[in-house]
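So the sequences go chain by chain: L and Z.
If you count the first sequence from 1, position 180 lands on 203 in this note's numbering, and the numbers rise without skipping.
If you count the second sequence from 1, position 96 lands on 216 in this note's numbering, and the numbers rise without skipping.
Heads up, some of the hints might be wrong.
Unchecked claim - Facing chain L, from chain Z, some residues (calculated, C-beta under 7 Å): (1) P196; (2) P226; (3) G257; (4) I258.
Claimed, not checked - No more than 25 Å apart at the CA atoms, straight line, and that leaves these computed lysine-lysine pairs for BS3-like: (5) K46/L to K429/L; (6) K32/L to K282/L; (7) K310/Z to K339/Z; (8) K273/Z to K158/L; (9) K291/L to K441/L; (10) K256/Z to K280/Z; (11) K277/Z to K310/Z; (12) K202/Z to K273/Z; (13) K339/L to K150/Z; (14) K153/Z to K339/L; (15) K158/L to K334/Z; (16) K444/L to K291/L.
It is worth saying that the hints were derived from the structure and are not from the lab.
Nothing here was measured: the structure is a model prediction, and the numbers come from that model.
For every residue, glycine included, the Cβ atom is placed at its ideal position computed from N, Cα and C.
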Amino acid sequence: MDSEAIARKYDRILTPMTRTGWKFWATVIPLSVIFLWSVLAFGWQYHWGLGETGMGHPVSWTLYLVNFVFFIGISHAGALVSAVLRITHAGWGTPFGRAAEAVTVFALAAGPTNILFDLGRSVRFYWVALHAQFKSPLLWDFTCIMTYFTVSLIFLYVLMVPDIGLLRERFPGRRWLYRPLSLGWTGTEKQWSILGKIIGILCVAVIPIAVSVHTVVSWVFGMQTQPMWHSTIFAPYFVVGAIYSGIAAIIVVTIALRKVYHLENYLKPYHFNNMGLLLLTFTLLWVYFTFAEHLTVGYGGGPAELAVLWSKLTGKYALLFWIMVTLCFVIPFPILIFKRTLPGLLVSSICIIIGMWIERYTIIIPSFIEPRLPYARGDYMPSWVEWSMTAGLLAGFTLAFVLFSKFFPVISIWETEKEEKEKEGHAKGE
Amino acid sequence: MVIDLDRCTGCQACVVACRQENNVSFAGEKEAKLGRAKFWMNLISEVKGTYPDVEMRFLPIPCMQCDHPPCTIVCPVAATYKNPEGIVAQVYPRCIGVRMCISNCPYTVRYFNWHAPSWPDDYKRGRNPDVYKRRKGITEKCNFCIQRIRKAKENAKREKRRIRDGEVIPACAETCPSEAIYFGDLNEPKSRVYRLSKSRRAFRLLEDLGTEPKVYYLKEGEWNDG
Numbered sequence: 024m025d026s027e028a029i030a031r032k033y034d035r036i037l038t039p040m041t042r043t044g045w046k047f048w049a050t051v052i053p054l055s056v057i058f059l060w061s062v063l064a065f066g067w068q069y070h071w072g073l074g075e076t077g078m079g080h081p082v083s084w085t086l087y088l089v090n091f092v093f094f095i096g097i098s099h100a101g102a103l104v105s106a107v108l109r110i111t112h113a114g115w116g117t118p119f120g121r122a123a124e125a126v127t128v129f130a131l132a133a134g135p136t137n138i139l140f141d142l143g144r145s146v147r148f149y150w151v152a153l154h155a156q157f158k159s160p161l162l163w164d165f166t167c168i169m170t171y172f173t174v175s176l177i178f179l180y181v182l183m184v185p186d187i188g189l190l191r192e193r194f195p196g197r198r199w200l201y202r203p204l205s206l207g208w209t210g211t212e213k214q215w216s217i218l219g220k221i222i223g224i225l226c227v228a229v230i231p232i233a234v235s236v237h238t239v240v241s242w243v244f245g246m247q248t249q250p251m252w253h254s255t256i257f258a259p260y261f262v263v264g265a266i267y268s269g270i271a272a273i274i275v276v277t278i279a280l281r282k283v284y285h286l287e288n289y290l291k292p293y294h295f296n297n298m299g300l301l302l303l304t305f306t307l308l309w310v311y312f313t314f315a316e317h318l319t320v321g322y323g324g325g326p327a328e329l330a331v332l333w334s335k336l337t338g339k340y341a342l343l344f345w346i347m348v349t350l351c352f353v354i355p356f357p358i359l360i361f362k363r364t365l366p367g368l369l370v371s372s373i374c375i376i377i378g379m380w381i382e383r384y385t386i387i388i389p390s391f392i393e394p395r396l397p398y399a400r401g402d403y404m405p406s407w408v409e410w411s412m413t414a415g416l417l418a419g420f421t422l423a424f425v426l427f428s429k430f431f432p433v434i435s436i437w438e439t440e441k442e443e444k445e446k447e448g449h450a451k452g453e
Numbered sequence: 121m122v123i124d125l126d127r128c129t130g131c132q133a134c135v136v137a138c139r140q141e142n143n144v145s146f147a148g149e150k151e152a153k154l155g156r157a158k159f160w161m162n163l164i165s166e167v168k169g170t171y172p173d174v175e176m177r178f179l180p181i182p183c184m185q186c187d188h189p190p191c192t193i194v195c196p197v198a199a200t201y202k203n204p205e206g207i208v209a210q211v212y213p214r215c216i217g218v219r220m221c222i223s224n225c226p227y228t229v230r231y232f233n234w235h236a237p238s239w240p241d242d243y244k245r246g247r248n249p250d251v252y253k254r255r256k257g258i259t260e261k262c263n264f265c266i267q268r269i270r271k272a273k274e275n276a277k278r279e280k281r282r283i284r285d286g287e288v289i290p291a292c293a294e295t296c297p298s299e300a301i302y303f304g305d306l307n308e309p310k311s312r313v314y315r316l317s318k319s320r321r322a323f324r325l326l327e328d329l330g331t332e333p334k335v336y337y338l339k340e341g342e343w344n345d346g
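Chain L on its own, in the form it takes in the complex (with noise of 0.2 Å):
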């Protein structure tokens, strides 16, 4: 097929790419003033020093740890998901992969900016590299995060190739854009088994990749000493609640996209359910690593331990604790199971992703409150200015998805057009 009948063909993935009506700038308005406006509190909060947030001695990491995590949470989704379903042929996956792609390199780029804002000296974050001190596992987390970072970019880049390259024919006016970025693609045959083999590769080296990261930024906490952190299954468990935040990422994204760009003809309910089986998966996973990791401090651990752990359970972090076994599996729970429609996924999915940023949340503050010597006590409540940064990012990273969609199609159009091939297939052989 030539590129005009595919492009009539997809005329629904490619005519939002060019149309903006006064909903696209009712979007991009406020949040270009939220992310600038939290620009502005980052310069307020580097000017006066991180005393402006709501720290203190001990409770000396917050809010910008618990960002930090959930972002690059929300990056599992991405890259994994979509490499695991290429690897498994699930053909459901193919509307998905763009989008979660898409959200591994925003979630990314979001993630580890709160350790700029993190740092005392943030221009000097650079020594991280200079004066690297390998025993560190904040440096292996700046190793991990950085090599995820480059091969989801590369992931999303590849992927798209062919896609630019029909890009680079139907737009003549943003040949300017397109025209290096499409590398030449034509789609000659020698460009078709380059392109399946860099695929292959890439699919089975960001599985690896991935895991490593959310592995490696729980060790960043079960290495230390702290109450409740030195745990072995830290890392599973982090890894696991990352992919679960990042698929109920997936889903409210997408969701969100076929409404406003009209795409029901390719994604329909049957992906959803799909996507629904594989959160309910991770739902179950959850609850069990939850449920293990705090048996096992109540019956085996010392008195540090317990306290952290009883200040969780009834004590002063019981309502946010509480609040977050509701919203990641008390009410996603049962929707998944019994109502896997639309309406369905988007509650259980908001749900666990609001409940999944105020696990990290009780997951790192409360072991602040209560060190191990009885001494040092201190509160914590955010200040306006992690609370802008905070709203910045989320603004940021929903700009970044939304301009995004403007200058690429959100669906893989090729490989939409090679499965429907496939199928074809199928069915004459048959």
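With chain L held as given, fit chain Z onto it using these hints.
What follows is chain Z alone, placed relative to chain L:
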């Protein structure tokens, strides 16, 4: 360092002397409530019982200068390390304020400069010129008055001899009116701190963590026994 809790009266002279010697900045009342006060030497008090049977206990807490410090290995830029004398040192110009050392210190004796350091005006002239004034955004901690150790070492080198026991005294030990704080070389079997650290009354904080603190406490005696 050995601290005899039997002798400690809780007068806080050590806290003041430490602040003076090491240019530890003032947080102010408002900031202190948010947990931004810095005490390289901190005096913890505990009230036990109710009137009239009240008992008060004190615990001065400097940095424990662990032999296996959990704080140094987690620093991504190697801004803190155990120096050859066994002191856990902080390299202020290298520190970028990650604060992982703070969170991994089980004794919570590392302090962060949340704001640019400040002192009352009439206090500024009394600052110690031998000690670096820390800027905002970096971590600082007790270092057993390392500037005094340096000076004593230089003197000893000039006179071609070893440092004598009791020649170096950190500010807290020097000022203690009840002479509760002893300082010396724990590796030297003839030193007073070595002898005291082997006392039956000696204990260390959180020994079970395996951090091997180099601050020993001598617990209070049973006065009722006569």
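Structure-based check of all given hints:
Given hint, P196/Z at the interface with chain L, holds; its Cβ is 4 Å from that chain's nearest Cβ, closer than 7 Å. For P226/Z, the suggested interface contact is upheld, since its CB lies about 5 Å from the closest CB of chain L, less than 7 Å. The interface hint given for G257/Z holds, since its Cβ lies 3 Å from the closest Cβ of chain L, which is under the 7 Å cut-off. Annotation: I258/Z was flagged as interfacial toward chain L, and the flag holds, the nearest CB pair being 5 Å apart, inside 7 Å.
Note on K46/L and K429/L: the hinted pairing holds, with a Cα-Cα distance of about 13 Å set against a maximum of 25 Å. For the given pair, K32/L sits about 19 Å from K282/L by alpha-carbon distance, which is consistent with the 25 Å threshold. For the hint pairing K310/Z with K339/Z, the CA-to-CA distance comes to about 22 Å; that is within 25 Å, so the pair holds. With a C-alpha separation of about 31 Å, the suggested pair K273/Z and K158/L falls outside the 25 Å cut-off, and the hint is violated.
At roughly 18 Å between alpha-carbon atoms, K291/L and K441/L fall within 25 Å of each other, so this suggested pair holds. Between K256/Z and K280/Z the alpha-carbon distance is near 40 Å, which puts this suggested pair outside the 25 Å criterion. With a C-alpha separation of about 21 Å, the suggested pairing of K277/Z with K310/Z holds against the 25 Å cut-off. Under the criterion of a C-alpha separation no larger than 25 Å, the hint pairing K202/Z with K273/Z is consistent with the structure, at around 18 Å.
Between the alpha carbons of K339/L and K150/Z the distance comes to roughly 24 Å, so the proposed pair stays at or under 25 Å and holds. This hinted pair checks out: K153/Z and K339/L have alpha carbons roughly 19 Å apart, not beyond 25 Å. A threshold of 25 Å between alpha carbons decides the hint, and for K158/L with K334/Z the separation of about 23 Å falls inside it, so the pair holds. For the hint pairing K444/L with K291/L, the CA-to-CA distance comes to about 18 Å; that is within 25 Å, so the pair holds.
In summary, the structure is inconsistent with hints 8 and 10 from the numbered list given earlier, while agreeing with the others.
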